[in-house]
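Need the complex rebuilt from these two chains, each delivered in its own frame; the hints are there to steer you.
Chains A and B, in that order, give the protein sequences.
All letters in the first sequence, in the order written, are residues 469 to 726 by my numbering.
All letters in the second sequence, in the order written, are residues 141 to 296 by my numbering.
Keep in mind the hints are simulated off the structure, nothing from the lab.
Fair warning: there could be bad hints in the mix.
Straight-line distance between alpha carbons at most 25 Å, and here's what the computed DSS-like set of lysine-lysine pairs gives [unchecked claim]:
| no. | chain 1 | residue 1 | chain 2 | residue 2 |
| --- | --- | --- | --- | --- |
| 1 | A | 523 | B | 163 |
| 2 | B | 291 | B | 274 |
| 3 | B | 259 | B | 291 |
| 4 | B | 178 | A | 523 |
| 5 | B | 178 | B | 163 |
| 6 | B | 291 | B | 262 |
| 7 | B | 199 | B | 210 |
| 8 | A | 531 | B | 178 |
| 9 | B | 221 | B | 210 |
| 10 | B | 221 | B | 259 |
| 11 | A | 642 | A | 625 |
| 12 | A | 531 | B | 163 |
Simulated coverage check for chain B against chain A, where a stretch passes if three residues somewhere in it have a Cβ under 8 Å from a Cβ of chain A [to be verified]:
| no. | segment |
| --- | --- |
| 13 | 157-163 |
| 14 | 189-197 |
C-beta: ideal position from N, C-alpha, C; glycine also.
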Amino acid sequence: MSSANAPLTSTEYIQHHLVNLTWGEGFWSIHLDSIIIALTVGLLFILGFHYAARKATAGVPGKWQCLVEMVVGFVDTQVRDSFHGQNTWLAPLALTIFIWVFLMNFIDLLPVDLIPMVAHSMGATHFRAVPTADINVTLGMSLTVFCIILFSNFHAKGAKGFAKDVACHPFGPKLAPFNIALRIVEELAKPASLALRLFGNLYAGELIFILIAALVPWMFQWTLGGIWAIFHILVITLQAFIFMMLTIVYISMAHEHH
Amino acid sequence: MNLNLTLFGQAITFGIFIWFTMKFVWPPIMQAISQRQKTIADGLAAAAQGEASLEHAQKAVHDELAAARKRAAEIIDAASKRAEQMVSHAAVAAQTEGQRLLEQAQQQIAQEVEQAREKLQKEMTHIAIAGAEKLLGRSIDEKVQRELLDKFAEGI
Numbered sequence: 469m470s471s472a473n474a475p476l477t478s479t480e481y482i483q484h485h486l487v488n489l490t491w492g493e494g495f496w497s498i499h500l501d502s503i504i505i506a507l508t509v510g511l512l513f514i515l516g517f518h519y520a521a522r523k524a525t526a527g528v529p530g531k532w533q534c535l536v537e538m539v540v541g542f543v544d545t546q547v548r549d550s551f552h553g554q555n556t557w558l559a560p561l562a563l564t565i566f567i568w569v570f571l572m573n574f575i576d577l578l579p580v581d582l583i584p585m586v587a588h589s590m591g592a593t594h595f596r597a598v599p600t601a602d603i604n605v606t607l608g609m610s611l612t613v614f615c616i617i618l619f620s621n622f623h624a625k626g627a628k629g630f631a632k633d634v635a636c637h638p639f640g641p642k643l644a645p646f647n648i649a650l651r652i653v654e655e656l657a658k659p660a661s662l663a664l665r666l667f668g669n670l671y672a673g674e675l676i677f678i679l680i681a682a683l684v685p686w687m688f689q690w691t692l693g694g695i696w697a698i699f700h701i702l703v704i705t706l707q708a709f710i711f712m713m714l715t716i717v718y719i720s721m722a723h724e725h726h
Numbered sequence: 141m142n143l144n145l146t147l148f149g150q151a152i153t154f155g156i157f158i159w160f161t162m163k164f165v166w167p168p169i170m171q172a173i174s175q176r177q178k179t180i181a182d183g184l185a186a187a188a189q190g191e192a193s194l195e196h197a198q199k200a201v202h203d204e205l206a207a208a209r210k211r212a213a214e215i216i217d218a219a220s221k222r223a224e225q226m227v228s229h230a231a232v233a234a235q236t237e238g239q240r241l242l243e244q245a246q247q248q249i250a251q252e253v254e255q256a257r258e259k260l261q262k263e264m265t266h267i268a269i270a271g272a273e274k275l276l277g278r279s280i281d282e283k284v285q286r287e288l289l290d291k292f293a294e295g296i
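Okay, chain B solo, but in the shape it has when bound (with noise of 0.2 Å):
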């Protein structure tokens, strides 16, 4: 064998190369990586926890949409109900109003008729009248001939 310097040359050598790799290459290499272990494994967290938010909100959201449904369906009812309401308030309004017009109608009918016989009266009394001195050529005592006719008239 030929040992000679070279042995402790090589082995000071490693020696140095041993304190720099400890020094100044191993740390910030495990510390990279565990650093990025940890935002590995918070990264995983998180996509557990928004996947469980996900689902969550999921369940929010149909809960939400039933309950919406079910307040729609309660307003459409009530809409009904309120449409039914006033169709049947007006049916009664409008039948009450049909009949005060009637009412008026007829009482307006009633009214006229009763003018119309009056004025027919009048004008009978005076038809009769005419009609008493063309046939007795002469003038009648006008006042007795009007009571009578009064009374006659009044008999129609």
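Here chain A stands alone, though its shape is the one from the complex (with noise of 0.2 Å):
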């Protein structure tokens, strides 16, 4: 436990448990543990699902790549559905966002002290284990997103058609600082919701398993702690499931022209 060294009261370890280890100062540092952790679990996926794409057969497929293949059916499908049109990088870009969220969010139904006593007995003074609950790592990946979506209205569009579009919508050219001005809040919107939704979550679900270690004797933990994780597995599919589905949308509406 964190309390290894001297006795901590409640408050203290709550504090404990919601300090990052950063590296650095100021707005020039990192946070060491989610970086390590998203990295680690997002090597997983990504090798685990190369394994299984250079393994695929056309034959008779092993357990593994029937998993694959049922995750990478079933997102295929959600962007069949929502995308119309050719498109050859949203399928593998939802594809990892739901995995690499979900496992992210996943190490939240690990033990919430389990990760930090591994690293502590590794020497690190904090560790918070789930990505997820960084805004950082929320806002990092909806960054890219939002940076996708511009991407997305300008190969659609054209620079120009991308231009009117901003201009002249929703209410015609005449009103064209009052669109763009709409525009900027709509687009920015996108991000923030995507990021903060996730962050939200996550932030509050890690933060009841710690309020539950830190509050409950520790012969009770295990109802409450049981019956908030079970409810959580619920919660990290649906926000791994929304932040695709959300991003899967915003990138068709930037393909659609007006």
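Here's what the structure looks like:
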């Protein structure tokens, strides 16, 4: 436990669990814990799926290939339902979001002290294990999505078409400044809502696990912890799915011509 | 909020992961899936075709069997007809042969009867001459007597 060296009060325990392992100062710093866990599960996803892709045969598939194909098929269906047209990168993008976010969320289901304990034994002072409970991570992902949305707008409409689209909708060319201001808010709201929704859900989920660990006597922790964990299975999957779905919808919108 | 470089680190990592998935994960899996779909579709089509050809073959077998049965019946018919014919032929042949044998036998009998009669005539002549000699006690003119007796024997 984190209280290995000195006994902590509940408040101190909770506060201790909400501090990232940071390297550097101010803005030019990095949350090592978030990055390490995000990279680890991300590589797990990439390599696991790449393994399945390399071994993929049209013949009788193995269990792992079946699982991967089910996920891929599911994502593919979602993309096809929402996005009409030819696109080679949207479905892989959606798959990456779904699996990576799911895996990062999944860390929340591990015992709240497990990964921090391992980290402490290796000399880390603080460790927050759930990357998606870090606003930097969720905002970072939505930043990429934001860039892709902008790129899609340019790609689908051309610079001129996009400018016209921004200036003339929804109120016509006479109210161009108003239109532009509205469009900026609209575009910024997309990544913000993506990032904050995921962050909020996972931060709250993590906090409740921490609260249960801090405030409930250990012999009763399994009741509340168990209920919350089971409920959380739904939450983490749903949040990964929502992040993916909204990204698909936003990019589809960017491809549409008014 | 505690924003820092982690944000860009995550954003860039995300971009790299998307690129990797797009390049090395998605296409082979989709290819395998669509290939398997094709295999399954082909298999189903082949199964349907097989079923159709089985039906066709069954019909052909049925037709062949019917034809064979018909031919067999024809052969049996012909054979029995031929047998009947053979039997009747044989009967006719037997009848003619019997007739022939009978006629031959009758002819032979008639011949033998004739021979016996001739023999008997001669014997009779001898006996008659001998009897007459005994009766007359002397030899009669054999020439005259013989003519006489020959005439007599012819009369018998």
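Worksheet item: Quick check: which numbered hints come out false for this structure?
Response: Those not satisfied are hints 10 and 14.
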